[in-house]
Structure formats: structure tokens, C-alpha cells
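Here the protein sequences line up with chains V and U, keeping their order.
According to the working numbering, the first sequence holds residues -7 to 237 in order.
According to the working numbering, the second sequence holds residues 4 to 264 in order.
Don't take each hint at face value.
Claimed, not checked - Reference listing, derived: stretches of chain V covered by chain U, where coverage requires no fewer than 3 residues with Cβ under 8 Å from a Cβ of chain U:
no.: 1; stretch: 56 to 64
no.: 2; stretch: 131 to 141
Claimed, not checked - Beta-carbon label-pair distances, calculated as ranges:
no.: 3; chain 1: V; residue 1: E7; chain 2: U; residue 2: L9; range: 21 to 31 Å
no.: 4; chain 1: U; residue 1: T72; chain 2: V; residue 2: Q119; range: 31 to 41 Å
no.: 5; chain 1: V; residue 1: Q119; chain 2: U; residue 2: G166; range: 25 to 35 Å
no.: 6; chain 1: V; residue 1: T1; chain 2: U; residue 2: G166; range: 22 to 32 Å
no.: 7; chain 1: V; residue 1: R94; chain 2: U; residue 2: R154; range: 18 to 28 Å
no.: 8; chain 1: V; residue 1: H204; chain 2: U; residue 2: R154; range: 36 to 46 Å
no.: 9; chain 1: U; residue 1: R89; chain 2: V; residue 2: E106; range: 25 to 35 Å
no.: 10; chain 1: U; residue 1: R154; chain 2: V; residue 2: E217; range: 58 to 68 Å
no.: 11; chain 1: V; residue 1: H204; chain 2: U; residue 2: T72; range: 48 to 58 Å
no.: 12; chain 1: U; residue 1: R154; chain 2: V; residue 2: T1; range: 57 to 67 Å
no.: 13; chain 1: V; residue 1: T159; chain 2: U; residue 2: L9; range: 44 to 54 Å
Simulated from the structure, these hints should not be mistaken for laboratory data.
All C-beta atoms, glycine included, are put in the ideal place defined by N, C-alpha and C.
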Amino acid sequence: MFLSVSDLTKAYGDERVLDGVTFGVAAEETLAVLGRSGCGKTTLMKAIAGLVPPDGGSVALGGERLDGLPPEKRGVVYLYQEPLLFPHLDVRGNVGFGLRLRGVPAAERAERVERMLDDLELGGQDQKRPGQLSGGQRQRVAFGRALIVQPRLLLLDEPFGNLDAGTRAAMQTLFRRVARQYRITALLVTHDLKEALVLGDRVALMDAGRLHVYDSPEAFAADPESGVADEVAFWSHLGNPPLDP
Amino acid sequence: MRGRVLAALVAAACVFPFAVLALLSVAELWAFPDPLPPSWRPERWLSVGGGLFARSVALSLAVSTAVATLSTAAGYVTGKYVAGHRRGRALLFLAYVPFAMSPVVLGVCLLFLYLKLGLVGTAVGVVLAQTIFAYGFAIVLFSAFWTPELRALEDLVRTLGGGTWAVYRDALLPASRGALALCFFQTFLLSWFQYGLTVLVGAGRVQTLPVRVFAFVNEADPYLAALASCLLVGPPLVLVWVNKRFLFAPDSEDPAPVAHL
Chain V
-7 MFLSVSDLTK AYGDERVLDG VTFGVAAEET LAVLGRSGCG KTTLMKAIAG LVPPDGGSVA
53 LGGERLDGLP PEKRGVVYLY QEPLLFPHLD VRGNVGFGLR LRGVPAAERA ERVERMLDDL
113 ELGGQDQKRP GQLSGGQRQR VAFGRALIVQ PRLLLLDEPF GNLDAGTRAA MQTLFRRVAR
173 QYRITALLVT HDLKEALVLG DRVALMDAGR LHVYDSPEAF AADPESGVAD EVAFWSHLGN
233 PPLDP
Chain U
4 MRGRVLAALV AAACVFPFAV LALLSVAELW AFPDPLPPSW RPERWLSVGG GLFARSVALS
64 LAVSTAVATL STAAGYVTGK YVAGHRRGRA LLFLAYVPFA MSPVVLGVCL LFLYLKLGLV
124 GTAVGVVLAQ TIFAYGFAIV LFSAFWTPEL RALEDLVRTL GGGTWAVYRD ALLPASRGAL
184 ALCFFQTFLL SWFQYGLTVL VGAGRVQTLP VRVFAFVNEA DPYLAALASC LLVGPPLVLV
244 WVNKRFLFAP DSEDPAPVAH L
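Same shape as in the complex, but just chain U:
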């Protein structure tokens, strides 16, 4: 019984901030000490379908998907190279540098080059800047993934008659499915919640959702800020559910579906 009560308390503590956000986003006014909003304005959510919110959601999805795809693909290949290199530890240390430094410091370092290249204030510039940051993370993640067993698997496929393309298509990529999904998920989140780097490189013209949330907070509009925050946590929750449901199911010994010829 005590265990159940404790579990309910922990669950309530986890859900509470999201519940407050959801309530705030549909409240007309909500002031202390009212336990619930006295009046409601759910039609605020109708503004999501068009205008600023829709553009920010679409832009954030596009930027984060591009960053996650680029950094996961590049990190997969680079991680393999680093793991097999005789100076792998030194290379891994270099990979930590953009990851370990603050994203804003990274943005300041990149700013001069980006100004010369005309990338400041563009979505492409934001994608590239965020990718540098996420790429370091992906290398660190994948360098631990490329074990001697996986390299032996690669050699085995080659002796069985597979060329480089077959090695990846038929053995390495299916065996890496979980790690690839994990890296994509993590780098997507790194990009999705990125604020400082986006503001710096985007120069206020690239209005992703986190930038929009902070703008509403600065304008002292907690209701629109809450609505934008609800949108901000939506896609990560969907990704968590996809991961749990399809990739890391606890009762599955092997996350990949079984296949035969």
C-alpha cells in the first residue's frame, strides 16, 4: 500500500509541471491563490493551426530532423573510424571539445566565419552550427558502440562474399538499429531544445519554438508561453513513446523484428 502511494506521489510529481502547462495554455486568467483557472480560453489553441506557431513548429521539426539525420549519419561513420584508430583516445578527446564547451561559446567561435559565409540569420546556418555540436555527441556515442565483435561481424560478412554495400545493408545497419535510433533521438532533442546557439547564429530571424517560448516569456505572456511549451514537449514525448514501443521494448531480447529469407 505504501509502495503504491509512493509510486502515485512520484508519478504526480512528474506529471504536475506538464499539467500546469496544459491548464495555463487554456486559461483566460489564472492568478494566485486560485487552485484552478476561474475562466477558460481554449480557442487559444486554434491559433496553432496557422501563423506564427505553425511556422515555428514546422521550422523546429525541419531543423531538428536535419541536425539529427546529419549528425547521426556522420557520427556513425566517424565513430567507427575513431574506435579502430590507434590514436582513438586522442581523437575522441577532440570529439568532446564542441560537446563539452557551451553551445553559446561554440556559436561565438563560429560567428565570424558564418558572417563571412553569409550564414548568419539563416536556417542553414543554424542547422550547421547545431550539427557541429550534436556531431561531437554522436561520435562519443558511436565510438563506444563499435566493439571488436561488430568488427568481426563485418569481416565475417566479407568472407561470406559481401562487398562494402552488403556489409552495411545486410549486417551492420540492422545490427546498429537500436544505437542509430538512440543517437537520432538524443541529437534530435539536443537540437529541439537548443536556444542560445539558435539565437546567436539565427540572429533572431530563425524563430524556432524555443526562441518563440522565450520571446513570449520576455513579453510577459505566460499563456502563450505555456501553449508554445506544450508544443515544445509534444514531439519528444512522441519519440519517447516510439522508442519504448518499437525499439526498446523491455520484453524483447532483440529490438529488431525477426526476419528470415
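Chain V with its partners taken away, still in its complex shape:
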């Protein structure tokens, strides 16, 4: 596996947030992680990114152990639910931010930013400030800023959680396209069952600090814990009241 997480543990006081989490993600695969709030999803992502030191276990990427490496040396980009664009930079400056950190020459930077803006359908927006963009546009800029540095692993923490239904669907389509185009390996955390099934090549369920990865969507749907059966029952009974609460 390209990403290999072994027996990862983390506790805050008496609360075990990660309880021996072990899983792998293949290269160019997207693993969607579902789970309730507070089940440890964000801590897992931050531990992989190097933003939270785990109490035990190890993380390897492409065969290289990441344990002890600072976040800036891991090649792992973490995307939050909020786009977190830099307010003092315009769209072009935001997208090219990581390249500037890496000292990429200005001409090459400009060319790569231009290409990324076109890929993300942001052409003509390059001079705008974050406050002048819609929610979907801001999230695209955040994507562009992450993708342009060609991360080895992309961590997405409910990236579409704050978007309306239409924009969310459009962003899901866009993500699938750019994930293929840029051959992204990604770990995507979401609350949304449908989003997990649409975007994930595989799906995992996190509960009480433990992660269960399913081999196939069918196996996931067959597990009563996944909530798929309840969802199917809800839609099947729609129009045939009375519904059970």
C-alpha cells in the first residue's frame, strides 16, 4: 500500500481517540472515511499530516516512515472544511503560495498557476480577492493551492461540508475529475453517506477510535452499522406513510 498506517494510538487524558488504527491506501486511490462527530477522524488525519503527535504506531508513505518528520517535510497536504484562503493575497497569489514557498522561479510559477486556474475553471478570476468569490470558488482555489504542489497524499477534512447541495454536487464532480487527472492519493473524511460512496474508491467507517475499511461498496452497504440499510428503507417508504420516526 502507498499509505500504510499501523496501530496508531492517541489519547487525550483518559479518552482514547485513536485505538490501534491500522489501514492502507493504494496509490491514486481515494479512501472515504465516514464517522460521527468526535469519533477521531480529524485526529487521525492530523496524526498522518504530522500536526498531532501520536502516542504510538507508525505512518509510512511510499515505503518511507514519516514518524518524527515535521509536517512541511511529509509531502502531505491537509485541506480543511473552510477554504482558509489568505486574505492578503488574490486568487493567483493563493494558488501559487506553495510554489513560492518552494522557491519556484516566477515565470514557471505563473505558467503553472495559469494552467491550474484553467483546470479548475477559475479562468478570469485570478485578480479577485477571497472575499469576492463564492463558496464553491473559494473551495476550488483551496484545491488548486493544494494540488499545484503535487502532494504525495491529500487529506480532505469534510471539504464540501459548508456548501449548498448544488455547489456540493458540482465540487464532487470536479474532485473526481482532478483526482484522476492529477493521479491523487487521498483520504477524505465526510459525514455524508452518498458523498463517501460517490467519491471513495473504498469506504471506511470510524467509530470510537477504531477504523473498519470495507473491501467493496457492497460489503459496506451490507453492514448494519454503515446506515445504508436505514437510508434505503427511508427512500423506499417515501410516499407510503406512515413512516417510522
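Given the coordinates of chain V, assemble chain U onto it according to the supplied hints.
Frame of chain V; chain U shown alone:
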């Protein structure tokens, strides 16, 4: 129409004390019930260019700039630590102590230590004493500024490949520009108008502008006191204008100028 009259009255009430000060500073004599000074002495302002006034203005500017710079820089870093600490509320309470106590009481507390260190009667001693006071204020201000979103921004820059220096240079400091300017402005004013602490720690030898104003008042020279007061309100007015013009412009969604690569 009534609104305009009301606005003019409010504006006049705000401007009136400053106008009186300005008139008094150029009057030769001005006694009640004269509505305006009967004779003028504008050449009094020529004394500003040299001697006592120039030294006091320069000293006040140096002391206040040093206090504002030190307390803003230290408060920025400490505020971040306090905001992220699990006992942040208790630490914040401690930060309030010098800020909540009277500056004179703070000066009395410091006096013995300062005497031992030979800092009494020196500008350095006054700067340090005022900085302790302003530092508490800066911590309180910045602890509210370090939001989870700003911390997330810091994490994001690190995962994008930025080290600690890049995090501050390229993300946190530009995003903190407004808060830094606000803190600098407020701590500058705290220091600029500071009297009791300066007299106590400065032991009368550190003659900042407020000390000079009170000296003129005690000498019953209202004209020189008015002139010194005009000098005292000048720099804060310039700072207010700079803030309004460049940092907190009402039509600007983002106070920082836009930049791209």
C-alpha cells in the same frame, strides 16, 4: 435639518476643548469674561523647535515607540501561547493583574527592585515599567485574536511546505496586520499619556510630555501648559488618521492591500 444641526453640535462639542487649547497656546493673556484672547503671542510656538519642548517630545516619542513595539511583539507571541494553553483562562487572569491595578501601584511594587538595579530615574526604567503595564493589555487583546481558524491557517501553511519562519512571514503576520496595528496604537497611547508611573519610576528626571504638562500646570502657567497639551494630542491624532486612512478604511473588506505573485 435637525439631524444636521445635531451633528454640528456634537462635532462642535468634540472640537471645542481642542480649539480652546490651541487658542490658549497662542494667547498672550486670556481672562474671563473675554470670549477670545485680546492679544496674541504666537511666537511662543517658536520655543517648540528647541530646548525643553523638543527634548520632551523626542523623549516621549522614543519611550512610547519602544513600549508599543516591545509590548506588541511580546503580547503577540504570549497571546498565542495563552490562547492555546489548556489553562489559558488562568493565565489570562494573571495577564490582567498589571493591567487591572493602578499604574502607580504597579510603580510602587517595582520601585524597590528598580532601586537595586539602578533603573530609577532612567528612561530605560520608565520604558520597562510602562511595558509591564502595556504588555498585560497586549496579551488580553491578542489572546482573543488567536482563533482556531488562525491556528488552522498555521497548520495549513506547514503542510504546504512552510517552516516556522515562512508561517509567520507569509501567513500569520500579513493576516495579523490589523490586530498588530491596533495593539501598537493602543499601547502607544497607554504610554504616551502615562503620568503617575513615569513620575514615580522616572523620579522627576525623565521629563516626558505629560510630566512637562503637569509641571506647567503646577507652575500656574496655563499658556505653556496649553502649548504642551497641543503637542501631546498631536501624535495620537496622526495615528488615528493613519489607522483610519490605511488600516481600517470602512469601504475595504480586507484592510491589507491585495498582493499576487
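Cross-check of the supplied hints:
Closer than 8 Å: that is the beta-carbon criterion, and the stretch 56 to 64 of chain V has 3 residues meeting it against chain U, so the requirement of 3 holds. Figure legend: the stretch 131 to 141 of chain V, annotated as covered by chain U; annotation consistent (3 residues with Cβ-Cβ distances under 8 Å, at least 3 required). A C-beta distance of roughly 59 Å is found between E7 of chain V and L9 of chain U, which places it outside the suggested range of 21 to 31 Å. Remark: the range hint 31 to 41 Å for T72 of chain U to Q119 of chain V is upheld by a beta-carbon distance near 35 Å.
Separation of Q119 of chain V from G166 of chain U is about 29 Å and conforms to the stated range, judged on CB atoms against 25 to 35 Å. Look at T1 of chain V against G166 of chain U: about 28 Å separates their beta carbons, and that is inside 22 to 32 Å. The supplied range of 18 to 28 Å is met by R94 of chain V and R154 of chain U, whose beta-carbon atoms lie about 23 Å from each other. In this structure the supplied range 36 to 46 Å is violated for H204 of chain V paired with R154 of chain U, their Cβ-Cβ distance being about 31 Å.
The hinted window of 25 to 35 Å between R89 of chain U and E106 of chain V is violated, with their beta carbons roughly 46 Å apart. Our hint of 58 to 68 Å for R154 of chain U and E217 of chain V is violated, since their Cβ atoms are close to 33 Å apart. Distance hint check for H204 of chain V and T72 of chain U: the Cβ-Cβ separation is about 55 Å, which falls inside the suggested range of 48 to 58 Å. Under the hint 57 to 67 Å, the C-beta atoms of R154 of chain U and T1 of chain V, about 24 Å apart, miss the expected range.
Between T159 of chain V and L9 of chain U the beta carbon distance is about 47 Å. The supplied range of 44 to 54 Å therefore holds.
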